Amino acid sequence: MSCLRPVGLVAQAVATTAVARRIVSLRSIAAYLPGSPMKRSSMMPWPVKLRQRAGSGAGRRTMTEVERRRVRVGDLDVHVELMGRGDPVLLLHGFPDTLRLWRSVAPRLAAAGYRTIAPDLRGYGETGAPASRSAYRIERMVDDATGLLRVLGIDEPVHVMGHDWGAALAWVFATLRPASVRSAVAISVGHPSEYVLAGFEQRVKGLYVLGFQFPSLTEHWLSRNDYANLRHWLRSHPDPDECVSKVARPGRLTAGLNWYRANLGKVLVGRWPPCRVPVLGIWSTDDDFLAEDQMQRSARRMAAAWRYERIDGAGHWLPLERPEQIAALAMEWFERCRV
49 MSCLRPVGLV AQAVATTAVA RRIVSLRSIA AYLPGSPMKR SSMMPWPVKL RQRAGSGAGR
109 RTMTEVERRR VRVGDLDVHV ELMGRGDPVL LLHGFPDTLR LWRSVAPRLA AAGYRTIAPD
169 LRGYGETGAP ASRSAYRIER MVDDATGLLR VLGIDEPVHV MGHDWGAALA WVFATLRPAS
229 VRSAVAISVG HPSEYVLAGF EQRVKGLYVL GFQFPSLTEH WLSRNDYANL RHWLRSHPDP
289 DECVSKVARP GRLTAGLNWY RANLGKVLVG RWPPCRVPVL GIWSTDDDFL AEDQMQRSAR
349 RMAAAWRYER IDGAGHWLPL ERPEQIAALA MEWFERCRV
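Counting in the numbering used here, the sequence shown runs from 49 upward without gaps.
Heads up, a few of these hints could be off.
What follows is a set of in silico ranges between Cβ atoms, one per label pair, in the way DEER data are often shown [claimed, not checked]:
#: 1; residue 1: Gly201; residue 2: Val244; range: 34 to 40 Å
#: 2; residue 1: Arg118; residue 2: Arg319; range: 32 to 38 Å
#: 3; residue 1: Gly122; residue 2: His268; range: 27 to 33 Å
#: 4; residue 1: Val252; residue 2: Val119; range: 17 to 23 Å
#: 5; residue 1: Ile202; residue 2: Ser180; range: 14 to 20 Å
#: 6; residue 1: Val199; residue 2: Pro286; range: 18 to 24 Å
#: 7; residue 1: Leu245; residue 2: Val114; range: 37 to 43 Å
#: 8; residue 1: Asp123; residue 2: His268; range: 28 to 34 Å
With a cut-off of at most 25 Å between alpha-carbon atoms, the simulated SDA-like pairs for lysine to any residue come out as follows [stated by the list, open to error]:
#: 9; residue 1: Lys253; residue 2: Ala227
#: 10; residue 1: Lys253; residue 2: Gly361
#: 11; residue 1: Lys314; residue 2: Pro286
#: 12; residue 1: Lys294; residue 2: Ala159
#: 13; residue 1: Lys253; residue 2: Asp360
#: 14; residue 1: Lys253; residue 2: Asp335
#: 15; residue 1: Lys253; residue 2: Phe143
#: 16; residue 1: Lys294; residue 2: Val317
#: 17; residue 1: Lys253; residue 2: His268
#: 18; residue 1: Lys314; residue 2: Ala347
#: 19; residue 1: Lys314; residue 2: Asp360
#: 20; residue 1: Lys314; residue 2: Asp287
#: 21; residue 1: Lys314; residue 2: Gly134
#: 22; residue 1: Lys314; residue 2: Phe262
Treat the hints as calculated values from the structure; they're not laboratory data.
All values reported here derive from a predicted model rather than from experimental measurement.
Quick reminder that beta carbons are idealized off the backbone N, C-alpha and C, glycines included.
The whole structure should be built from the sequences, with the hints applied where relevant.
This is how it looks when you write it as structure tokens:
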């Protein structure tokens, strides 16, 4: 697999062709310079294989136009936004976000020659929200992802990028359906088994997961006084009002909490085989909910290429706080892992 190829310097790639000079932004280059907030691990730098954008300036603008669709996936109505053309990238959000988590990442991927698929996941946004807790088991989410790709006519392996619960889903999807996944990017959340085994810091940061296990009581506590407690929990979110407006709709807060309730045992305590899909793990130093060791130690769960990236000075919601850095890191990884 090309993920294991020898690597070269970014500056060499930038100097290679005029096309490269047009595509690579100054900020992308800056990520490799001393003092950059994007700290790389001790491994060698990656190869940079730049993708040429086709067409004129007007053509490039159409690459970032959004196509909104509602499709039937099994027993679920799914709302999905599509953008761009090229290698498919499935974008998976977490709690309590919607597909709008990717609003500043997807256009960058599309402009660079990727096709982004960003669904509202089960229970969120404009996608259906089944009432049963069992409907939110992680295996159902994997089926949703597989079914969505099938309905959209995508029969090739995809790159998968997830954040928060979307990252946990990306891990499980890559582990259970490796033939369907070309590479994965897990943002904030490491391998589920390492989340459980992480040290004291993670146990303290993750206490809220236990607090989410009490039906009705948790909903009442989070929603009282115009969702004051949920707003406090979201105090580091760049757009807490939008999150609150989405979960305030009937049944939506419970649907989001059911991800925690239906999967506490299976995802967090279950035994998982090694992941045979290349994974890039990204964690940020100011994350209120996840400790670094649960991401770093995910290397122990890998039977394929693995890389860890640490971003200093950013909080939990990296796709909103650092969209340009996240897109740049993801695209480098995708290019490295092309077959």
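Regarding the pair lysine 314 and alanine 347, is the alpha-carbon distance no greater than 25 Å?
The hint holds at about 21 Å.
Take a quick look at whether lysine 253 and alanine 227 sit within 25 Å of each other, Cα to Cα.
Violated. Lysine 253 to alanine 227 sits at ~34 Å, over the 25 Å cutoff.
Proposed proximity, valine 317 with lysine 294 (alpha carbon, max 25 Å)
30 Å, violated
Range agreement (Cβ of valine 114 with Cβ of leucine 245, hint 37 to 43 Å):
Given a distance of about 40 Å, which is inside 37 to 43 Å, the answer is holds.
Hint check for valine 119 and valine 252 - Cβ pair distance inside 17 to 23 Å
41 Å, violated
For the pair arginine 118 and arginine 319, does the Cβ-Cβ distance stay inside 32 to 38 Å?
Between arginine 118 and arginine 319, where Cβ atoms are some 37 Å apart, the hint holds.
Restraint check for lysine 253 with aspartate 360, where alpha carbons must lie at most 25 Å apart
Holds: lysine 253 and aspartate 360 sit about 18 Å apart, inside 25 Å.
Cβ separation of aspartate 123 and histidine 268, checked against the hinted range 28 to 34 Å:
At 29 Å between Cβs, range holds.
Kindly confirm whether 14 to 20 Å is satisfied by the beta carbon distance between isoleucine 202 and serine 180.
Violated, at about 28 Å.
Could you grab the alpha-carbon distance between lysine 314 and proline 286 and see if it respects the 25 Å cut-off?
Between lysine 314 and proline 286 the Cα gap is close to 31 Å, so the pair fails against 25 Å, i.e. violated.
Pairwise hint evaluation, aspartate 335 against lysine 253, where the allowed Cα distance is 25 Å at most
9 Å, holds
Restraint check for lysine 314 with glycine 134, where alpha carbons must lie at most 25 Å apart
35 Å, violated
Of the numbered hints listed earlier, those contradicted by the structure are 4, 5, 6, 9, 11, 12, 16, 19, 20, 21.
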